[in-house]
Amino acid sequence: MKNSIMKLTQDKLENYIMTSCNLGSIIITLDTSLFESGLLDSIQLLGLVEFIESETGNEIANTDIIFENLDSIRKILEFTSKN
Amino acid sequence: MEVFTLYDLISQNLIHRANHVALEKSNDSLTYGELDNQCTRIASFLYNLGLKKGERVGIYMAKSFEEIVAMYSASRIGGIYVNINNRWKVRQLKYAIKDCGIRILFTDSYRISEIHRSGILDDLECVILVGEYYNHPKVIMYSDIDHNYNIPKVRVIGTDIASLIYTSGSTGEPKGIMLSHFNIIQGARIVSSYLNNTETDRILGLLPFSFDYGFNQITTMFYCGGTLVLQPVPFPADIVNTVNNKQITGIAGVPSIWISLTKYLADTNIRLKSLRYITNSGGSIPIPVLRQMAKKFKGVDINLMYGLTEAFRSTYLPPKDFDKKMGSIGGPIPDVDIFVVDQENGLCGPGQTGELIHRGNLICQGYWGNNISTSKKIKSCPHLEHIIGKEKVLYSGDIVRIDEDGYLWFVSRKDHMIKSCGYRISPSEIENVVHESGLVLNTFAFGVPDIEKGQSIHVAVNLIHHEPSNIDKVMNYCMEQLPSYMVPHKIHALEDSFPLNSNGKYDKDGIMRLCGIDKCTTVKVSL
Chain A
1362 MKNSIMKLTQ
1372 DKLENYIMTS
1382 CNLGSIIITL
1392 DTSLFESGLL
1402 DSIQLLGLVE
1412 FIESETGNEI
1422 ANTDIIFENL
1432 DSIRKILEFT
1442 SKN
Chain B
12 MEVFTLYDLI
22 SQNLIHRANH
32 VALEKSNDSL
42 TYGELDNQCT
52 RIASFLYNLG
62 LKKGERVGIY
72 MAKSFEEIVA
82 MYSASRIGGI
92 YVNINNRWKV
102 RQLKYAIKDC
112 GIRILFTDSY
122 RISEIHRSGI
132 LDDLECVILV
142 GEYYNHPKVI
152 MYSDIDHNYN
162 IPKVRVIGTD
172 IASLIYTSGS
182 TGEPKGIMLS
192 HFNIIQGARI
202 VSSYLNNTET
212 DRILGLLPFS
222 FDYGFNQITT
232 MFYCGGTLVL
242 QPVPFPADIV
252 NTVNNKQITG
262 IAGVPSIWIS
272 LTKYLADTNI
282 RLKSLRYITN
292 SGGSIPIPVL
302 RQMAKKFKGV
312 DINLMYGLTE
322 AFRSTYLPPK
332 DFDKKMGSIG
342 GPIPDVDIFV
352 VDQENGLCGP
362 GQTGELIHRG
372 NLICQGYWGN
382 NISTSKKIKS
392 CPHLEHIIGK
402 EKVLYSGDIV
412 RIDEDGYLWF
422 VSRKDHMIKS
432 CGYRISPSEI
442 ENVVHESGLV
452 LNTFAFGVPD
462 IEKGQSIHVA
472 VNLIHHEPSN
482 IDKVMNYCME
492 QLPSYMVPHK
502 IHALEDSFPL
512 NSNGKYDKDG
522 IMRLCGIDKC
532 TTVKVSL
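First to last, the protein sequences are chains A and B. Per the numbering used here, the first sequence starts with residue 1362, numbered consecutively. Per the numbering used here, the second sequence starts with residue 12, numbered consecutively.
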């Protein structure tokens, strides 16, 4: 990810995960594991990556699509703010 | 030591390999000795909780050591574990709990609040919770279970049922496939024989353990004393890192994994040096991807396999035949007979097409509480009487062709089951949910060929009120009620009523035409 001009906000990200991923009444905190927990799967990963890319205006390199960058809301926000 | 039951798979390793690592994940590991201790602790607790032989124990949680301990502990004292796909929603979970009468459920802190709010706790006697503390009288913390219980002495034999695996049934609701200890042990024995597994193997536990193919990664490793490395996240970059950092020797995957992993290896030029073999099941890999795999997995044995949960594994294409028979499902695995039978003309030979029939010790013990469905699927075959008498065989429902050299090629399903992302999916299960939305008059779900998914899920509907926003509402309802792999990829609102065939049933081809779908439509895969 380079030259990020738009910012992904916590509200938008939380809203996306709760609605588009249909987690029902599952409680998601900043540090809840999204993928290691099995709450989201690889099908939903594709949607999440697309969402982040459209919000930030930058493509995510496939080497950056890793657990360490995407497994929680906090990790995603830290990853997008670094780039 | 002879292995007869699931628990023998662990205990046989205590004699010479108690300190050998059985399970590993990013920053943790368990030796066979430590795993045995954990299983003894949990099995004793379950016994003292009153778990009786033959009783079902539910497991609904993230991939973890505790998940494996729960499976082996329940089966050690004669319980039947039911590992429920953790992608399932409350709707499917409720169904399985009721269908087989689960009163004890293992789960984790990611899922407990949803289980509590949905009222499922009312139907259970207790929940054993892995993770953070949750305040409820029926919740027992896994971490609080101590060693102060007697080691139970329960006689368990190979014939006993060890597990139920819920899969979509062609008539609608999921069915619990009953596997005996013997079935599971034979699966490990046969697979490890043709993959040449040894105690030096380090296999990647990538697939869900609620899936028979995923669970077999555990049993195969325990059978030969090797190590299973848990990989909870299926991102290609993480898989590659784990393989190289943890010196993985074997990976079992489904087509969607091979498509994304092969693309990643092509983009990055990374090599997986420790890898000895890979296996595919759960659908066929598109030919262009197979060609690319031959280059990107150079020096790695590629095993293409075929099976269905009712008999675990039926055929495989040995790596030596990969180049000349790319795309074939090969021939029978060791200790299994495969016949191809045409209902009218009998046993098929080279050049002919018929239903694949499986014979051997891997055939399951039937569907839980469903003798009618069992007797339709597992029965004697009149065309085979001259060879095996009235012995019962498994009718796969898959149509295959035998080529001139005797290799088998998948042709189609006999029924309308959809195969998407490695899952067998019942159209009527989807149609039931679409109907429940209360927005449609008629609904028909069908699969459309898709290179990446195998098939994508399409649903044709007649809306009660023709408003475009109702399609979104139906889709949202499906997303709420169905696991992600069952959610339709496209819903078509048709104004005309559905065409019928001569039997008065919905005409699939006619409906597909109204939806503007050519039967041969495929989506291109980028490599």
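A few of these clues could be false.
Stated by the list, open to error - Which chain A residues stay away from chain B? Per the calculated CB distances, all over 10 Å, these:
#1 Asn-1376
#2 Ser-1386
#3 Ile-1387
#4 Phe-1396
#5 Glu-1397
#6 Ser-1398
#7 Gly-1399
#8 Asp-1402
#9 Gln-1405
#10 Thr-1424
#11 Asp-1425
#12 Ile-1426
#13 Phe-1428
#14 Leu-1431
#15 Arg-1435
#16 Ser-1442
Claimed, not checked - Derived, one-sided and incomplete: chain A residues facing chain B with beta-carbon distance under 7 Å:
#17 Gly-1385
#18 Leu-1400
#19 Ile-1404
#20 Ile-1427
#21 Asn-1430
#22 Ser-1433
#23 Asn-1444
Read the hints as simulated data drawn from the structure, not as lab findings. Here a beta-carbon is modelled for each residue, glycine too, at the ideal position from N, C-alpha and C.
query = Checking the smallest CB distance to chain B, is Leu-1431 of chain A really beyond 10 Å?
reply = Answer for Leu-1431 of chain A: violated, closest chain B Cβ roughly 8 Å.
Verdict on Ile-1387 of chain A as a residue remote from chain B, using beta-carbon distances over 10 Å = With a cut-off of 10 Å, Ile-1387 of chain A comes too close to chain B, as the shortest Cβ separation is near 5 Å.
Ser-1433 of chain A as chain B interface residue, shortest Cβ-Cβ below 7 Å = Where the cut-off is 7 Å and the nearest Cβ of chain B is about 12 Å from Ser-1433 of chain A, the hint is violated.
task = Check the non-interface label on Arg-1435 of chain A: least C-beta distance to chain B beyond 10 Å or not.
result = 16 Å, holds
Phe-1428 of chain A remote from chain B - nearest C-beta pair above 10 Å = Nearest chain B Cβ is 5 Å from Phe-1428 of chain A, so the label is violated.
message = Minimum C-beta separation from Gly-1399 of chain A to chain B exceeding 10 Å: can you confirm that?
response = Its Cβ does come within 10 Å of chain B, the nearest being 4 Å, so this is violated.
key: Separation of Glu-1397 of chain A from chain B, once the least beta-carbon distance is taken, above 10 Å   = Violated, because the least Cβ-Cβ distance between Glu-1397 of chain A and chain B comes to about 4 Å, which does not exceed 10 Å.
Non-interface claim for Asp-1425 of chain A, where every Cβ of chain B lies beyond 10 Å = Given a closest Cβ separation of 8 Å, the condition is violated.
message = Hint Ile-1404 of chain A vs chain B: min CB-CB distance below 7 Å?
response = 5 Å, holds
key: Exclusion check [Asn-1376 of chain A not at the chain B interface, CB over 10 Å]   = 15 Å, holds
query = Taking the minimum C-beta separation from Asp-1402 of chain A to chain B, is that value above 10 Å?
reply = Contrary to the label, Asp-1402 of chain A does not stay out of reach of chain B, its closest Cβ about 6 Å off (not over 10 Å).
query = Minimum Cβ separation between Ser-1386 of chain A and chain B greater than 10 Å?
reply = 5 Å, violated
Hint violations for this structure: numbers 2, 3, 4, 5, 6, 7, 8, 9, 10, 11, 12, 13, 14, 21, 22 and 23, all remaining hints satisfied.
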